[in-house]
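Colleague: Next come the chains, spelled out residue by residue.
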Amino acid sequence: MTDDRLVIEALTSGYGETDILQGATLTLRRGEILALMGRNGMGKTTLLKTVMGLIPTRGGRVSLDGVPINGKPPAWLLAQGVGYAPQELPLFQDLSIRDNLRLALRGDRDLATALKIVERNFPFLLERLDQLAGTLSGGEQKMLILSRALMTEPDILLIDEISEGIQPSVVQRIETALKAEREQRGVSILVVEQNLGFALGVADRWAVMKLGQIVDEGACDAASRETVLKHLSI
Amino acid sequence: MALLLDIATTAALLFIVSAGLFVIFGVLKIINFAHAAWLTIGAYTTVVATKMGLSPWLSLPLAVLVGGLLGAVTEIAIVRPLYRRSLDAILATWGLGVVIVQVITLTFGRDMQMPPALITGTVDVLGLPYSSYRLFLLVAAVIMALAFVLVLERTRLGLNAQAVIMNETLARALGINTSRVRLVTFMLGSAIAALAGVLLTPLSSVDPTMGISWLIGAFMLVMVSGTSVTALALACLCFGAAQVLVSTWISPILGSVTVAVLCAVMLRLHPKGFARG
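Those protein sequences? They're chains A and B, same order as listed.
If you use numbering that gives the first Met the number 0, the first sequence corresponds to residues 0 to 233, in order.
If you use numbering that gives the first Met the number 0, the second sequence corresponds to residues 0 to 276, in order.
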């Protein structure tokens, strides 16, 4: 059995007549945390949306454990154990925390079990289930987004800029939760990030995206920060 | 007292007639101009059912069934490709309405039909004899509004529909089958409109174009209500009251256009209408 779980090969996709991804190739291995970095507009979010079936693939191939998944709808991917924490408008602001969590499940039968998983990482959410999501602070909203993605116990988790605009203590809590999930369940995690400290702190490997392509990747070590910074500098 | 009852029952009637259009607009963000045709189909369900010797009460579930099925066919065959082209959707549903009116005309002729009423007679309300049927409409509207709230707040379909209304992309990303939510919503809206058609029969002449006279009022009420059931109920009450007062004290002809005119004025002065904000 190969260790490669999610394999993205020469992936092309975009909006309108513009190709944002221009042949991106990346592999997420079993039980690893991979940080995908790059400046704004390079195609990181588009990559996640394309993998999740929210944007049609124009070329290339995405496979999950060797099975092609191009064109599969999000519901199918979620059923296969792929979780997703989006960056853009990621919560239903006018719904309660409970309803936001319920929407990640296909029925309410599994809610009690799922809430226990939420409690494992972010117990404060259970004390405020009836509070509207839109009234949570920025950091609390990020924890809710992550809880919603984790509560279905995915085997693969795609996370888009979860640390954006939140205070270091919350970033630390998120990092702890992600590491715990990987240790306890062996979940493979792809984090799209601009926060270099968080990304290199949580990940085993890194990759850098420029203009819709992966231009470099490597293992996280003492030299990673400098290498990545070179790629990110203008 | 009679005036108050007239206001309440007129508001109830407006709510019943607008409800199907409201459901479809609230979730799908398209104006279903075939709404008038669904109302007519509902009324003709009563005509057919009673001609077959069935109780007029049976036409209520029959109309829901017919409306729901036709709604499903319409959503799949006509509306589904047009969700991102709202103007085309309006034209397509308008065209569908015209075709349905012609089919009804060919089948039943242009003559006015007079199916028996569900309820006849009057009841005493604080010593005042008042139409039993209009009071029945009031009860029906309250049940309908409560059912809306119950479905929206307490059922999975309601939660999914709210998610689609608020952020369809996120709903899809969470694995919600938004196509199914749209289909079920359109079926529900069409079924409710057909049900409203049955409820209209004792108050309105049943002929192939009967729905059209109700369409503009329903459309304007939905426009000032957005996606809120409470806002729709409030709009029906306020503008229904205005309609009754104008009809009673000024002119029934002016009364018949009061709802549309007031809704247009409100949209000009306060574009969000009765909706929150």
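No wet-lab data here; the hints were simulated from the structure.
These numbers were taken from a predicted model, which means no experiment stands behind them.
Each residue gets a CB set at the ideal place from its N, CA and C atoms; glycine is no exception.
A few of these clues could be false.
Just some of the chain A residues that point at chain B, by a computed CB distance under 7 Å [said to hold, decoys possible]:
(1) L77
(2) G80
(3) L102
Short, incomplete list of chain B residues facing chain A, as computed with Cβ under 7 Å [unchecked claim]:
(4) L173
(5) G174
(6) S178
(7) R179
Away from chain B, derived, C-beta distances all over 10 Å, residues of chain A [unchecked claim]:
(8) L90
(9) Q92
(10) S223
Colleague: The structure should be examined with respect to each hint, and the outcome stated for every one.
Modeller: Now for the hints, and whether the structure bears them out:
no.	hint	in the structure
1	L77	holds (4 Å)
2	G80	violated (12 Å)
3	L102	holds (5 Å)
4	L173	holds (5 Å)
5	G174	holds (4 Å)
6	S178	violated (9 Å)
7	R179	violated (10 Å)
8	L90	violated (8 Å)
9	Q92	violated (8 Å)
10	S223	holds (30 Å)
Figure legend: structure checked against the earlier numbered hints; hints not met, in rising order: 2, 6, 7, 8, 9.
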